[in-house]
Amino acid sequence: MATDSDRLLVTLAEQLKVPWLQVAHATELTRQNLLEAAAVEDETRTDLTTVQQLFGTIDVVSQAALQLIDGYLLSTQLNFGAAGLELEPVSVSSTMYDVAQRLDGYAKVYDCELELAVQGRFGPIMANRRALDAALSNLGYSFIEAAQNTTVRLVLRRNKHGISTGIFSTVDGLSNDLLKRARKLYGYARQPLSGFTASSGAGVFVADSLMNSMDGRLRTSRQGALTGLAATFVPSRQLSLV
Amino acid sequence: MAKRPPSILLIEPDRLLARGYVEALVQAGYDPQWSNDAQTAILAADKKTPKLVIVELQLAGHSGVEFLYEFRSYPEWQKVPVLVLSGVPREESGMPGELDLAGFLYKPQISLRKLVTTVGRILEPAHAR
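Top line first, the protein sequences correspond to chains A and B.
According to our numbering, the first sequence is numbered sequentially starting from 1.
According to our numbering, the second sequence is numbered sequentially starting from 1001.
If you're looking for bench data, these hints aren't it; they were derived computationally from the structure.
We put the beta carbon where it would ideally sit given N, CA and C, even for glycine.
Accuracy of the hints is not assured; some may be wrong.
Unchecked claim - Computed footprint of chain A on chain B; a stretch qualifies when at least three of its residues, placed anywhere within it, have a C-beta under 8 Å from a C-beta of chain A:
hint	segment
1	1023-1034
2	1038-1052
3	1109-1115
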């Protein structure tokens, strides 16, 4: 019987094929473009813009792959209670800004419109900063990859249970039922979130595991016409009294 | 009059991977049309019958196999060669033999050059290097 960690690892390995293929293809095309440019006597015909774009792609997809690996590692460490990963007061709005900055380049190569919607002022929540950052980043990469050429929005807002943070897009197909089934299927099925993404959805499951470790279970949610996944955290009362 | 480049319908869910395949195919003298799901691919084929279909089996919503059953159900598309280019290995794909594939490539094992060579072999067997 596979453990959750085994299943997550299988999903991760499946997902990592994509960025490595993207890097391999971009490298191959870069080499081809440079060889062609070198063969042309008139140096002004060298298509440096294309080469720059290809290097840009290699850069952002490598970063996305690294975030996924790091997120997996962190979720495994959190699950066995590694030292230094305790819950602490975290400024969720500043984490959202950092994540938005990180996702920006990836959104551009996928032709997505990335938006940040922080509705109001928020005090700290009880979470782990690295884990929250990794969860939102990996969720963001998954949404951008699934959305392609539409809007992806990072949303921070209040609800009756606390402070909700999540990622939303115009892609249909997400529901609590799908998520519930997918939690049972990942690692066994290649496309546990097949109505939402063609990939293994590793970023969603890594984010789910990380959020779960911080008592912030992911749920589907809506914001206007957008559907997304968000987790709700309890505000850190201790600090709000200071 | 210049010969028109053979049109290829590429069905690939990932935008960045599609961009790489399209660029390699254009450089090789083909006219690829990209669709990211089965529904838009059927509409694209209806608009312009391709000389070759390249399809990933793992798509969001309807799978590549569902697309192929639909595609093959139309008499005018029954002879169009289909090349599967997938992240799923052939032995794990459960691909039915009746769908009559021209080839099956496993993405992690092929380069863009290999893809272009395979396409050339399917479309221009006499000239394939």
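How the hints compare with the structure:
Under the rule that three or more residues need a Cβ within less than 8 Å of chain A, the assignment of the segment 1023-1034 of chain B holds, with 3 such residues. Remark: the segment 1038-1052 of chain B is not confirmed as covered by chain A, as 0 of its residues place a Cβ nearer than 8 Å to a Cβ of that chain, below the required three. Evaluation of the coverage hint for the segment 1109-1115 of chain B: fulfilled, as 3 residues show C-beta separations to chain A shorter than 8 Å, against a requirement of three.
Comparing the model with each numbered hint stated earlier shows that hint 2 is the single one that does not hold.
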